[in-house]
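*Asks:* For reference, the chains in residue letters:
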Amino acid sequence: MSTLDKSDVEKIAFLARLGIDEQDIPEYATNLSNILDMVEQLDSVDTDGVKPMAHPLDAVQRLRADVVTESNDRENLQSHAPEVEQGLYLVPRVVE
Amino acid sequence: MQWEVVIGLEIHVQLSTKSKIFSGASTAYGAEPNTQACTVDLGLPGVLPVFNGEALKKSVMFGLAVGAKINERSVFDRKNYFYPDSPKAYQISQLYYPIVGEGHIDIDMEDGTQKRIGVTRAHMEEDAGKSLHESFHGQTGIDLNRAGTPLLEIVSEPDMRSAKEAVAYMRKIHSIVRYLGVSDGNMQEGSFRCDANVSLRPKGQEEFGTRAELKNINSFRFVEKAINVEIERQMDILESGGTVTQETRLYDSEKNETRSMRSKEEANDYRYFPDPDLLPIVISADEIEAIRATLPELPDDKCARYMDQLGLSEKDAKALTIDRDMAEYYETVQQAVGDAKMAANWILGDVAAHNNKNGIEFKVCPVNAEQLSGLLKRVKDNTISGKIAKEVFEAMYAGEGDADTIIDKKGLKQITDTGAIEAIIDEVIANNPGQVAEFQSGKDKLIGFFVGHVMKASKGKANPGQVNQLLQQKLKP
Numbered sequence: 001m002s003t004l005d006k007s008d009v010e011k012i013a014f015l016a017r018l019g020i021d022e023q024d025i026p027e028y029a030t031n032l033s034n035i036l037d038m039v040e041q042l043d044s045v046d047t048d049g050v051k052p053m054a055h056p057l058d059a060v061q062r063l064r065a066d067v068v069t070e071s072n073d074r075e076n077l078q079s080h081a082p083e084v085e086q087g088l089y090l091v092p093r094v095v096e
Numbered sequence: 001m002q003w004e005v006v007i008g009l010e011i012h013v014q015l016s017t018k019s020k021i022f023s024g025a026s027t028a029y030g031a032e033p034n035t036q037a038c039t040v041d042l043g044l045p046g047v048l049p050v051f052n053g054e055a056l057k058k059s060v061m062f063g064l065a066v067g068a069k070i071n072e073r074s075v076f077d078r079k080n081y082f083y084p085d086s087p088k089a090y091q092i093s094q095l096y097y098p099i100v101g102e103g104h105i106d107i108d109m110e111d112g113t114q115k116r117i118g119v120t121r122a123h124m125e126e127d128a129g130k131s132l133h134e135s136f137h138g139q140t141g142i143d144l145n146r147a148g149t150p151l152l153e154i155v156s157e158p159d160m161r162s163a164k165e166a167v168a169y170m171r172k173i174h175s176i177v178r179y180l181g182v183s184d185g186n187m188q189e190g191s192f193r194c195d196a197n198v199s200l201r202p203k204g205q206e207e208f209g210t211r212a213e214l215k216n217i218n219s220f221r222f223v224e225k226a227i228n229v230e231i232e233r234q235m236d237i238l239e240s241g242g243t244v245t246q247e248t249r250l251y252d253s254e255k256n257e258t259r260s261m262r263s264k265e266e267a268n269d270y271r272y273f274p275d276p277d278l279l280p281i282v283i284s285a286d287e288i289e290a291i292r293a294t295l296p297e298l299p300d301d302k303c304a305r306y307m308d309q310l311g312l313s314e315k316d317a318k319a320l321t322i323d324r325d326m327a328e329y330y331e332t333v334q335q336a337v338g339d340a341k342m343a344a345n346w347i348l349g350d351v352a353a354h355n356n357k358n359g360i361e362f363k364v365c366p367v368n369a370e371q372l373s374g375l376l377k378r379v380k381d382n383t384i385s386g387k388i389a390k391e392v393f394e395a396m397y398a399g400e401g402d403a404d405t406i407i408d409k410k411g412l413k414q415i416t417d418t419g420a421i422e423a424i425i426d427e428v429i430a431n432n433p434g435q436v437a438e439f440q441s442g443k444d445k446l447i448g449f450f451v452g453h454v455m456k457a458s459k460g461k462a463n464p465g466q467v468n469q470l471l472q473q474k475l476k477p
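Protein chains in written order, with this note's numbering: chain G, 1 to 96; chain Z, 1 to 477.
Any given hint could be a false lead.
Each pair of labels, with its calculated beta carbon distance range [to be verified]:
| # | chain 1 | residue 1 | chain 2 | residue 2 | range |
| --- | --- | --- | --- | --- | --- |
| 1 | Z | D325 | G | L18 | 27 to 37 Å |
| 2 | G | G49 | Z | T332 | 53 to 63 Å |
| 3 | G | E75 | Z | E4 | 37 to 47 Å |
| 4 | G | Q23 | Z | R116 | 55 to 65 Å |
| 5 | Z | T243 | G | Q23 | 20 to 30 Å |
In the DSS-like style, the derived pairs of lysine-lysine whose C-alpha atoms are separated by at most 30 Å in a straight line are [stated by the list, open to error]:
| # | chain 1 | residue 1 | chain 2 | residue 2 |
| --- | --- | --- | --- | --- |
| 6 | Z | K115 | Z | K88 |
| 7 | Z | K377 | Z | K390 |
| 8 | Z | K363 | G | K11 |
| 9 | Z | K363 | Z | K390 |
| 10 | Z | K387 | G | K6 |
| 11 | Z | K57 | G | K51 |
| 12 | G | K51 | Z | K79 |
| 13 | Z | K377 | G | K11 |
| 14 | G | K11 | Z | K387 |
| 15 | Z | K69 | G | K51 |
| 16 | G | K6 | Z | K88 |
| 17 | Z | K390 | G | K11 |
Read the hints as simulated data drawn from the structure, not as lab findings.
Positions of the beta carbon are idealized from the N, C-alpha and C atoms, including for glycine.
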């Protein structure tokens with residue numbers, strides 16, 4: 001049995017940058033714990049000799065030729081942005 | 001206490017493809033902001049990445065060059081984090097199944113021995129965009145031209161024990177990627193960057209100490225300085241009984257110090273998982289062998305060949321082979337002139353000195369290999385002396401033309417006419433009766449005085465061998 005507590009839920013929400021309501025936290029904790037329980041159940045299956053699956057389709061990646069196919073579409077693309085200046089997308093200030 | 005330094009490096013090499021790793025946008029450097037950032041690079045809804053085969057080929061070339069195992073099946077994962085220069089909110093990378101497995105390179109130590117440094121792995125990933133923090137009324141400007149540029153991240157084993165070893169390793173990797181042509185290795189443009197993991201442990205202790213990661217160092221000089229100040233910082237902490245915090249630190253080259261970059265609460269938790277937009281990358285053993293067949297001669301092999309076949313010293317052979325362009329320049333000259341030692345002396349001497357002084361690379365040296373060959377041939381056939389050749393070289397470097405043109409124009413052709421040399425010698429003898437008498441009474445060393453005067457009177461053009469011979473005859477009592 002895995003049980004997530006309030007701080008686990010808050011951490012997961014923070015990592016995913018999701019705003020959650022305080023009152024919903026117990027329900028999230030229960031639901032997420034149930035998911036972990038199911039994964040734990042899967043964990044009990046013997047998977048020795050089973051190749052890890054990277055993709056549900058049994059196919060391999062096709063390779064693209066190294067050719068430039070895109071042209072400058074900045075004006076169109078930036079018309080969807082909330083704010084631009086000197087060709088740059090503007091976002092709230094981030095400094096490390 | 002005696003401390004042992006432990007260093008591991010993560011080097012990000014920009015692969016020199018024309019288009020991005022998952023889109024057909026151009027990777028050319030220096031374009032107007034966001035003119036090379038298409039819908040895939042912007043991570044707009046509904047787009048799909050399509051993998052660039054050239055990035056795979058170049059990654060495999062690197063792996064083969066460091067004797068690594070190439071994984072015939074590799075997988076792209078999503079590395080999740082939020083930062084505005086990464087518009088998808090994840091970076092496509094390879095965590096669990098990288099393209100290149102374990103390999104190694106040998107670095108040269110100061111005492112002349114070699115040390116083997118392990119390469120843990122190398123994986124393909126996409127680069128992020130660029131954030132500009134100045135002059136946007138308190139906002140940050142984002143340029144996504146670089147987003148999606150293919151990178152190969154090369155991770156070393158923690159095998160280095162000093163900043164000098166770390167620099168030697170980094171230089172060797174730089175030399176290899178340039179030889180292979182998988183990257184231009186341009187550090188100013190960010191094509192070759194390095195993160196250094198640095199820790200200390202008491203000498204003799206097996207277990208590693210807590211490490212700090214120094215981010216994004218983009219010059220050989222800064223790597224050495226950054227690691228050394230970080231070693232000092234950690235030593236101060238440990239000596240005074242404290243503990244080192246595991247964290248990311250930034251090197252400030254102006255203050256020559258490292259400082260903490262990320263706060264604890266944002267401790268890395270990237271929640272990697274296989275990218276469902278991309279299928280596994282598969283390359284067959286035959287395809288790998290076909291790539292192996294295209295590998296050029298690498299610096300270590302070239303160096304050995306220069307020593308064995310051309311008879312160069314280890315020092316000269318090493319110096320000539322670090323840079324591929326320099327080695328190619330050398331080989332052209334050596335073959336044209338047929339004198340391995342002479343070509344080496346000139347290229348490592350005058351040519352390298354002029355290039356360094358002017359900050360010019362061999363590829364664009366104003367005196368190209370054919371032109372230098374033309375000059376050295378004139379030394380070999382006694383048209384000019386080695387000393388005059390330096391003067392001609394200066395003029396060639398300044399763009400005054402090829403060797404023959406300059407020799408003609410400046411009248412620098414060596415005087416080999418015995419009569420003409422004799423006339424100058426007679427004059428010098430007549431003007432210096434005192435020295436003649438001294439020489440004849442046994443002061444042999446004065447021959448240098450006479451040679452010097454004759455050469456000066458001929459403006460350096462007399463053939464030194466002939467001058468010597470004729471002087472000996474004429475000065476005999």
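*Asks:* Now look at each hint and say whether the structure bears it out.
*Replies:* Hint check results:
no.	hint	in the structure
1	Z/D325 / G/L18: 27 to 37 Å	violated, 52 Å
2	G/G49 / Z/T332: 53 to 63 Å	holds, 57 Å
3	G/E75 / Z/E4: 37 to 47 Å	violated, 57 Å
4	G/Q23 / Z/R116: 55 to 65 Å	holds, 60 Å
5	Z/T243 / G/Q23: 20 to 30 Å	violated, 41 Å
6	Z/K115 / Z/K88	violated, 42 Å
7	Z/K377 / Z/K390	holds, 13 Å
8	Z/K363 / G/K11	violated, 54 Å
9	Z/K363 / Z/K390	holds, 21 Å
10	Z/K387 / G/K6	violated, 83 Å
11	Z/K57 / G/K51	holds, 25 Å
12	G/K51 / Z/K79	holds, 22 Å
13	Z/K377 / G/K11	violated, 74 Å
14	G/K11 / Z/K387	violated, 74 Å
15	Z/K69 / G/K51	holds, 19 Å
16	G/K6 / Z/K88	holds, 28 Å
17	Z/K390 / G/K11	violated, 70 Å
Checked against the numbered hints listed earlier, the structure breaks hints 1, 3, 5, 6, 8, 10, 13, 14 and 17; every other hint is satisfied.
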